[in-house]
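Per my numbering, the sequence shown starts with residue 1, numbered consecutively.
Treat the hints loosely; a few may be bogus.
Below, in silico cross-link-like pairs of lysine to any residue (SDA-like), each with a Cα-Cα straight-line distance of 20 Å or less [as the list claims (entries may be wrong)]:
1) Lys31 / Ser67
2) Lys31 / Ile58
3) Lys31 / Thr64
4) Lys31 / Phe62
With beta-carbon atoms standing in for the labels, derived distance ranges [to be verified]:
5) Leu78 / Leu18: 22 to 30 Å
6) Gly61 / Pro9: 18 to 26 Å
7) Gln27 / Leu47: 35 to 43 Å
8) Asn41 / Thr63: 28 to 36 Å
9) Glu55 / Thr29: 19 to 27 Å
10) Phe23 / Arg77: 33 to 41 Å
11) Gly73 / Thr29: 30 to 38 Å
12) Gly2 / Thr26: 18 to 26 Å
13) Lys31 / Ile8: 21 to 29 Å
No lab work stands behind these hints: they were computed from the structure.
For glycine and all other residues, C-beta sits at the position ideal for the given N, C-alpha and C.
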Amino acid sequence: MGQVRYLIPSVPWYVDGLLLMDFDTTQTTRKFQLNLGGRFNYMIHRLFITYAGLELVINNGFTTFSSLAFTAGTSLRLR
Numbered sequence: 001m002g003q004v005r006y007l008i009p010s011v012p013w014y015v016d017g018l019l020l021m022d023f024d025t026t027q028t029t030r031k032f033q034l035n036l037g038g039r040f041n042y043m044i045h046r047l048f049i050t051y052a053g054l055e056l057v058i059n060n061g062f063t064t065f066s067s068l069a070f071t072a073g074t075s076l077r078l079r
């Protein structure tokens with residue numbers, strides 16, 4: 001598993017990235033599953049963040065199921 005966050009100096013947006021790879025050493029047909037994701041975040045205020053992201057999942061649960069998902073939303077911190 002790997003996760004990275006890229007922060008731009010003096011700009012209110014940042015990028016999150018995720019890589020997750022699992023290997024199965026048993027006698028199953030599907031030997032791996034892979035999850036790649038990325039999300040762009042924009043900080044309107046330090047308590048209010050909007051985001052949009054994309055996630056690709058290959059061989060989810062070591063099956064033939066794969067998916068591509070788009071997410072968008074907001075995060076609001078109450079103080």
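Here's how the hints hold up against the structure:
| no. | hint | in the structure |
| --- | --- | --- |
| 1 | Lys31 / Ser67 | holds, 17 Å |
| 2 | Lys31 / Ile58 | holds, 11 Å |
| 3 | Lys31 / Thr64 | holds, 11 Å |
| 4 | Lys31 / Phe62 | holds, 7 Å |
| 5 | Leu78 / Leu18: 22 to 30 Å | holds, 26 Å |
| 6 | Gly61 / Pro9: 18 to 26 Å | violated, 40 Å |
| 7 | Gln27 / Leu47: 35 to 43 Å | violated, 51 Å |
| 8 | Asn41 / Thr63: 28 to 36 Å | holds, 31 Å |
| 9 | Glu55 / Thr29: 19 to 27 Å | holds, 24 Å |
| 10 | Phe23 / Arg77: 33 to 41 Å | holds, 38 Å |
| 11 | Gly73 / Thr29: 30 to 38 Å | holds, 36 Å |
| 12 | Gly2 / Thr26: 18 to 26 Å | holds, 24 Å |
| 13 | Lys31 / Ile8: 21 to 29 Å | violated, 38 Å |
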